[in-house]
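Novice: Given these sequences and hints, build the entire structure.
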Amino acid sequence: MSMIIAVMYREYRIRTTSMTWIFYDMFMPITYLLLFGIGLDKAFHGGIVTHGVAISYNAFFLSGVLSMACFGIAINTTYGFFVDRDNGIFYEFLTYPMTRGEFLIGKIMFNCLLSLVQSLLTIGLGSLLLGISLHWENIVFVLAGVILGTAGWFFFLTPFALRIRRNDMFNTFLNVVYFVLMFASSMFYPVEVLPGWLKGLSYANPLTWHTDTLRFATIGVGTFEVVAVEALAFALLLLISFWFAVRTLRHAILK
Amino acid sequence: MAEPAIQVTDLVKVYREKSSHPVRALDGLTLTVREGEIFGLLGRNGAGKTTLLRILTTLIEPTSGRVTILHRDAVKNPLEVRKNICVVLQENAVELYLSVRDNFFTFARFHSIPAGEVRSRTNRVIEQFGLGDYADQKVIDLSSGLKRRVQVAKVFMVDKPIIFLDEATTGMDPVNKRATIDAIREQARRGRTIFLTTHILQEAEELCDTIAIIDHGKRLACGSLQQIKSLARHALDITLTFDTLTDATLSELRALPSTKFEHTDNTVDMCVAGGEVAVLELVARLARQQRVLHVEMSSATLEDAFFELLRKSAHRPPGTTEDGGLSP
Chain A
1 MSMIIAVMYR
11 EYRIRTTSMT
21 WIFYDMFMPI
31 TYLLLFGIGL
41 DKAFHGGIVT
51 HGVAISYNAF
61 FLSGVLSMAC
71 FGIAINTTYG
81 FFVDRDNGIF
91 YEFLTYPMTR
101 GEFLIGKIMF
111 NCLLSLVQSL
121 LTIGLGSLLL
131 GISLHWENIV
141 FVLAGVILGT
151 AGWFFFLTPF
161 ALRIRRNDMF
171 NTFLNVVYFV
181 LMFASSMFYP
191 VEVLPGWLKG
201 LSYANPLTWH
211 TDTLRFATIG
221 VGTFEVVAVE
231 ALAFALLLLI
241 SFWFAVRTLR
251 HAILK
Chain B
1001 MAEPAIQVTD
1011 LVKVYREKSS
1021 HPVRALDGLT
1031 LTVREGEIFG
1041 LLGRNGAGKT
1051 TLLRILTTLI
1061 EPTSGRVTIL
1071 HRDAVKNPLE
1081 VRKNICVVLQ
1091 ENAVELYLSV
1101 RDNFFTFARF
1111 HSIPAGEVRS
1121 RTNRVIEQFG
1131 LGDYADQKVI
1141 DLSSGLKRRV
1151 QVAKVFMVDK
1161 PIIFLDEATT
1171 GMDPVNKRAT
1181 IDAIREQARR
1191 GRTIFLTTHI
1201 LQEAEELCDT
1211 IAIIDHGKRL
1221 ACGSLQQIKS
1231 LARHALDITL
1241 TFDTLTDATL
1251 SELRALPSTK
1261 FEHTDNTVDM
1271 CVAGGEVAVL
1281 ELVARLARQQ
1291 RVLHVEMSSA
1301 TLEDAFFELL
1311 RKSAHRPPGT
1321 TEDGGLSP
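Protein chains in written order, with our numbering: chain A, 1 to 255; chain B, 1001 to 1328.
These aren't lab readings, by the way, just hints derived from the structure by calculation. Ideal placement from N, C-alpha and C gives every residue a C-beta, glycine not left out. Treat the hints loosely; a few may be bogus.
Computed spacing ranges between beta-carbons, pair by pair [said to hold, decoys possible]:
1. A/ILE240 with B/PRO1022: 25 to 33 angstroms
2. B/ILE1181 with A/LEU116: 28 to 36 angstroms
3. A/PHE36 with B/LYS1018: 21 to 29 angstroms
4. B/SER1224 with A/VAL177: 52 to 60 angstroms
Computed footprint of chain A on chain B; a stretch qualifies when at least three of its residues, placed anywhere within it, have a C-beta under 8 angstroms from a C-beta of chain A [stated by the list, open to error]:
5. 1048-1062
6. 1072-1085
7. 1091-1103
8. 1293-1300
In silico negatives: residues of chain B with every beta carbon more than 10 angstroms from chain A [stated by the list, open to error]:
9. GLY1132
10. LYS1138
11. ASP1159
12. GLU1167
13. GLY1171
14. ALA1179
15. ALA1183
16. ALA1255
17. THR1264
18. ASN1266
Specialist: In structure tokens, the structure reads:
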């Protein structure tokens, strides 16, 4: 445990060297919800219907913003590999007295804390400023979903960051992945209104699983049985990704 | 005799094993490093030094062979090995966005230095490595030499039994190079094992108790400095300055069994391997003819032995080594 805390401490020291980062991390999601969400809310004339329930677009979009923020923090954390590699310290870390798993968990744990704070700010301010009606009794599940989402996407992206090695190539890869995952998901619109081929793609998308779980926990929209399966599938993806990330870290460096 | 701290047995590392052009970086290497000694690994670029260091520090796994660090298998128990080592890699490795002091604080966390001692140990290495004026500056703003100093100084904060130093003094000015060498000696006196690679042969000559020379992933020689030098025991470095250097004299000198022969104007620099008597007789004869203005002779250096071993290795049948029985 002391090694995980040491990695977290190191992430904290680096993160707090720039207030710009902190400000961006904390307020980006709520700013996105206020600007983009309000715009679409007006465009949809105040609301949409999903799972047979009419809700405001802001309420629908809240979970999309939260899952997007988790994905964003995971991306920033994987970029840390490139910074560490450029500084040379990445390889030195791997000689420190810790397992590869501790290194990865420590690296994402601090960023999970950031995710939690930004999510609470987004939910709190969203409720206050946009009047989103929340299921506060589920807040623990929302926060658990935020942690799992941030960690899951980080572990998912880590093998790619370690194997691609070139910052510019990784950037291109992310743009493509993010573009496909984001628009073929339930982040911006309900999946049930999409055409068949896109619906299938969206249901198979882990970003949909994560967003649906957060949506169910925040505003109670969705079917419990379906969301439970989606949440379990995402948890499974997290575990497989973690195993694969550790394996990549152990075998794919300096060759 | 001290216990082995590092034991390398028949180590092989092949990169791109499944490709049509595999690279055999280590080829059956065997070495022993004893506790408390300063062990120097020498070899030219691509000899396999960095690959060996990466295996010893658990960064990569060997293709075959065995490595133990304090009797712990580096492949089967990498974490146990990492708990006993401290590493300065060839690449610069510092937290660029943190201050010098915070670099030490962060490093201390990873190496479980008791909280009450972190500050005092930090202050000690800051003073020892002359970093006082930069302690609160961000490392990104420092020169490359100072960055290297921060990186090297970190390992002297902790008490791990084995320190690996890969080209540790590269980029340092002479004053800091001296401070680093002194610190390495001090650590060895306290019983820590130091494993270093360097291109600076003078540094190895000055520091190391045992030296190994490798090439193409194979050991060419391994032993004490005297043992290594004895492998070039017939080598003499000779500098002769003549009033006039004739073609006849030049031919006579060229006929001697030299490993190095250079001449500029009236001065000849040569390294003679074997036939010292003939050399001395020739120099005496030339001196009697009043043709020699200045003579300088010195016995073989580590550098002479190094080059001679590399030269011989190029002509040696595969599978043989120079040192025979003298290596551990």
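Novice: Do three or more residues of the stretch 1048-1062 of chain B come closer than 8 angstroms to chain A, measuring C-beta to C-beta?
Specialist: This one holds; 6 residues, not fewer than the three required, reach chain A with a Cβ under 8 angstroms.
Novice: Classify the label on B/ASN1266 as holds or violated, using whether its beta-carbon is more than 10 angstroms from each beta-carbon of chain A.
Specialist: holds, 49 angstroms
Novice: Given a hint of 52 to 60 angstroms, does the C-beta separation of B/SER1224 and A/VAL177 actually sit inside it?
Specialist: Cβ of B/SER1224 to Cβ of A/VAL177: about 58 angstroms, so the range 52 to 60 angstroms holds.
Novice: Using a Cβ cutoff of 8 angstroms, are there at least 3 residues of the stretch 1072-1085 of chain B near chain A, or does the coverage claim fail?
Specialist: holds (count 4)
Novice: With d taken as the least Cβ-Cβ distance between B/ALA1255 and chain A, does d exceed 10 angstroms?
Specialist: Non-interface label on B/ALA1255 holds, nearest chain A Cβ at 49 angstroms vs cutoff 10 angstroms.
Novice: Can the stretch 1091-1103 of chain B be counted as covered by chain A under the rule of three residues or more with Cβ-Cβ separation shorter than 8 angstroms?
Specialist: As far as the stretch 1091-1103 of chain B goes, the hint holds, because 9 residues have Cβ atoms under 8 angstroms from chain A.
Novice: Can we confirm that no CB of chain A comes within 10 angstroms of the CB of B/LYS1138?
Specialist: violated, 8 angstroms
Novice: Taking the closest pair, is the beta carbon of B/ASP1159 still more than 10 angstroms from chain A?
Specialist: For B/ASP1159, whose nearest Cβ neighbour in chain A is about 13 angstroms away, the distance exceeds 10 angstroms, so it holds.
Novice: Is B/ALA1183 truly not at the interface, in the sense that its beta carbon sits beyond 10 angstroms from all beta carbons of chain A?
Specialist: holds, 18 angstroms
Novice: Are all C-beta atoms of chain A more than 10 angstroms from that of B/GLU1167?
Specialist: Fine: 13 angstroms to the nearest Cβ keeps B/GLU1167 off the interface.
Novice: Beyond 10 angstroms from every Cβ of chain A: is that where the Cβ of B/ALA1179 lies?
Specialist: holds, 21 angstroms
Novice: Okay, the stretch 1293-1300 of chain B and chain A, do three or more residues pass the C-beta test at under 8 angstroms?
Specialist: violated (count 0)
Hint violations for this structure: numbers 2, 3, 8 and 10, all remaining hints satisfied.
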